[in-house]
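Colleague: Mind docking chain B on chain A? Use the hints.
From first to last, the protein sequence lines are chains A and B.
If you're matching positions, the first sequence starts at 0 in numbering that gives the first Met the number 0 and goes up one per residue.
If you're matching positions, the second sequence starts at 0 in numbering that gives the first Met the number 0 and goes up one per residue.
Please note: incorrect hints may appear among the correct ones.
Because identical chains share one entry, a pair is satisfied inside a single copy or across any pair of copies.
To be verified - Below, a list of computed lysine-lysine pairs in the DSS-like style, where the Cα atoms sit at most 30 Å apart:
1) K241 x K111
2) K151 x K261
3) K98 x K119
4) K119 x K151
5) K241 x K98
6) K270 x K54
7) K220 x K150
8) K98 x K111
9) K270 x K45
10) K150 x K256
11) K119 x K54
12) K54 x K148
13) K220 x K119
Because the hints were derived from the structure by calculation, they are not lab data.
Values in this document were obtained by computation on a predicted structure and should not be read as measured data.
2 protein chains.
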Amino acid sequence: MFGVTILGNNSAVPAYNRHPTAQIVTIEDQLILLDCGEGTQMQIAKFKIRWSRIKYIFISHLHGDHYFGLIGLITSMCLMGREDDLNIYGPAVLEQIIKIQLEAADTNMSFKINFNPLTKEGLIVDEMKFTVETFSTQHRIECHGFIIKEKKKARKINKETIHQYHIPTYFFEKLKDGEDYITKEGLLIKNEWVTLPNTLGRSYAFSGDTLYDERIAELVKGVQILYHETTYLKNMTENAFKRFHSTTHQAASIALKAQVGKLLIGHFSSKYESLNVFLEEAREVFENTHLALEGVTYRLLSK
Amino acid sequence: MFGVTILGNNSAVPAYNRHPTAQIVTIEDQLILLDCGEGTQMQIAKFKIRWSRIKYIFISHLHGDHYFGLIGLITSMCLMGREDDLNIYGPAVLEQIIKIQLEAADTNMSFKINFNPLTKEGLIVDEMKFTVETFSTQHRIECHGFIIKEKKKARKINKETIHQYHIPTYFFEKLKDGEDYITKEGLLIKNEWVTLPNTLGRSYAFSGDTLYDERIAELVKGVQILYHETTYLKNMTENAFKRFHSTTHQAASIALKAQVGKLLIGHFSSKYESLNVFLEEAREVFENTHLALEGVTYRLLSK
Numbered sequence: 000m001f002g003v004t005i006l007g008n009n010s011a012v013p014a015y016n017r018h019p020t021a022q023i024v025t026i027e028d029q030l031i032l033l034d035c036g037e038g039t040q041m042q043i044a045k046f047k048i049r050w051s052r053i054k055y056i057f058i059s060h061l062h063g064d065h066y067f068g069l070i071g072l073i074t075s076m077c078l079m080g081r082e083d084d085l086n087i088y089g090p091a092v093l094e095q096i097i098k099i100q101l102e103a104a105d106t107n108m109s110f111k112i113n114f115n116p117l118t119k120e121g122l123i124v125d126e127m128k129f130t131v132e133t134f135s136t137q138h139r140i141e142c143h144g145f146i147i148k149e150k151k152k153a154r155k156i157n158k159e160t161i162h163q164y165h166i167p168t169y170f171f172e173k174l175k176d177g178e179d180y181i182t183k184e185g186l187l188i189k190n191e192w193v194t195l196p197n198t199l200g201r202s203y204a205f206s207g208d209t210l211y212d213e214r215i216a217e218l219v220k221g222v223q224i225l226y227h228e229t230t231y232l233k234n235m236t237e238n239a240f241k242r243f244h245s246t247t248h249q250a251a252s253i254a255l256k257a258q259v260g261k262l263l264i265g266h267f268s269s270k271y272e273s274l275n276v277f278l279e280e281a282r283e284v285f286e287n288t289h290l291a292l293e294g295v296t297y298r299l300l301s302k
Numbered sequence: 000m001f002g003v004t005i006l007g008n009n010s011a012v013p014a015y016n017r018h019p020t021a022q023i024v025t026i027e028d029q030l031i032l033l034d035c036g037e038g039t040q041m042q043i044a045k046f047k048i049r050w051s052r053i054k055y056i057f058i059s060h061l062h063g064d065h066y067f068g069l070i071g072l073i074t075s076m077c078l079m080g081r082e083d084d085l086n087i088y089g090p091a092v093l094e095q096i097i098k099i100q101l102e103a104a105d106t107n108m109s110f111k112i113n114f115n116p117l118t119k120e121g122l123i124v125d126e127m128k129f130t131v132e133t134f135s136t137q138h139r140i141e142c143h144g145f146i147i148k149e150k151k152k153a154r155k156i157n158k159e160t161i162h163q164y165h166i167p168t169y170f171f172e173k174l175k176d177g178e179d180y181i182t183k184e185g186l187l188i189k190n191e192w193v194t195l196p197n198t199l200g201r202s203y204a205f206s207g208d209t210l211y212d213e214r215i216a217e218l219v220k221g222v223q224i225l226y227h228e229t230t231y232l233k234n235m236t237e238n239a240f241k242r243f244h245s246t247t248h249q250a251a252s253i254a255l256k257a258q259v260g261k262l263l264i265g266h267f268s269s270k271y272e273s274l275n276v277f278l279e280e281a282r283e284v285f286e287n288t289h290l291a292l293e294g295v296t297y298r299l300l301s302k
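Bound conformation, chain A alone:
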């Protein structure tokens, strides 16, 4: 399973029972938390997320609606006796913010936090099954987006052709890695005769908060699902620019330029009660747009 579960889709002040930004990305048995607004631990409990499995937390920036729930989540993990390391990535000063609060509470840490300040763009996590890359966005303060890519899978054994050749089974793993086989007699058996290409790795991009920035379209080119913030409707372009946020049309334009599979929109301003207009406007530019709805899991499917 590769999917993203929305825990919060609102910006700034909570409103209409919408919560500040937080998303859980599931890649098989591992969970990644993207941003952690106030109340995220309650949303995690509500939607029955197995929080012991959260191994990575990425914080896009230090506006409260993206991280005020982090210290509570860490503290609750301690109270529940977590032992596994937790890897947190975010702006450098976040480390001090966590430290001063853990010290004030005289918290007995039951696990280790590996804090990694986000200092440059590019690869930040290289796991067996996926990678995470980060990029900078244009916001009022330092802000980061993230791209999570499933690793390109190995080739598959071609069951229709493999029996025509006498290749020992111990060599099958090397075949999957793309190697050719040479028989004892010195005969070359080309890899593509006995294997098939596997599906492409799936990928999810999270925009962070940002004003309209075509550079993002280049960076997230071809991802299956792009989450792009849409704080405002299209008639608020000027306001969005002033506040370093994006509108529906802008988010959808990025999705179109980047030729992504699907666009998820969220980070809705508290001034809007109904979200339908967000969807209608974004679809004027990019048809396969969906609202990031709390509690819903959007799956990334193999091509």
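Modeller: Frame of chain A, contents of chain B only:
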């Protein structure tokens, strides 16, 4: 109106839709917030508290379930354009915790925060209509309790006797303050002939987190409502002591010794789903005990 509205009655990890500690004390048109666990701003919105009227915030101690919602509340107050000063009282390091987070977000403060570190016991607020006193409790880290006392009201004009004397109405305010009146002819009209004593000031005490401490009974003697934490049931006395918390019987014993009017119990451990046993056990010792239930306002009535 003098009353206390419970926003959260749970300890540590949120559970069973119970929230961490936060209470709103209303004294006529002024609001006081006692503690501010994570999600307090959502509870304030849910129970339609007029947060622009919150003038004072008191934080008992720096365990997360008592203050992790403070920074979010302050930030939201800014986003909504609050202009009035906000007076915050708490352990000294709280000032730095607030500051580092406001700076990280590059927050444009729309109002001034007057931060007052709690350094000694006694009077900390002296308002027209009420006072606030603080006292130290025995907890794993520095912790404070608070007593809010309505000021003793002025005397009332005795409508049955006032007409027997020719006292000009401009002097009525002085009569209420207890002064005698001397007529132009030099005749003394004693205050008690024309006024009646008013009701005693009402009072509310909030225990903070504490182990069983008989000193608290002395400090809160005779208050109308005492809120005392009861993290555990009576069979957990040893555990309560180890963790610097109180049991049902201990809280009720303090209420009994202090001869308070009513005992409110809260700060329930997340290990308990049902709260009925808390009530039953506390009532074995102190009959007029009530559960501090979220969303309920407990009124302090004039005697």
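Colleague: Please write out, lowest number first, the hints stated earlier that are contradicted by the structure.
Modeller: Nothing - there is no hint that the structure violates, so all of them hold.
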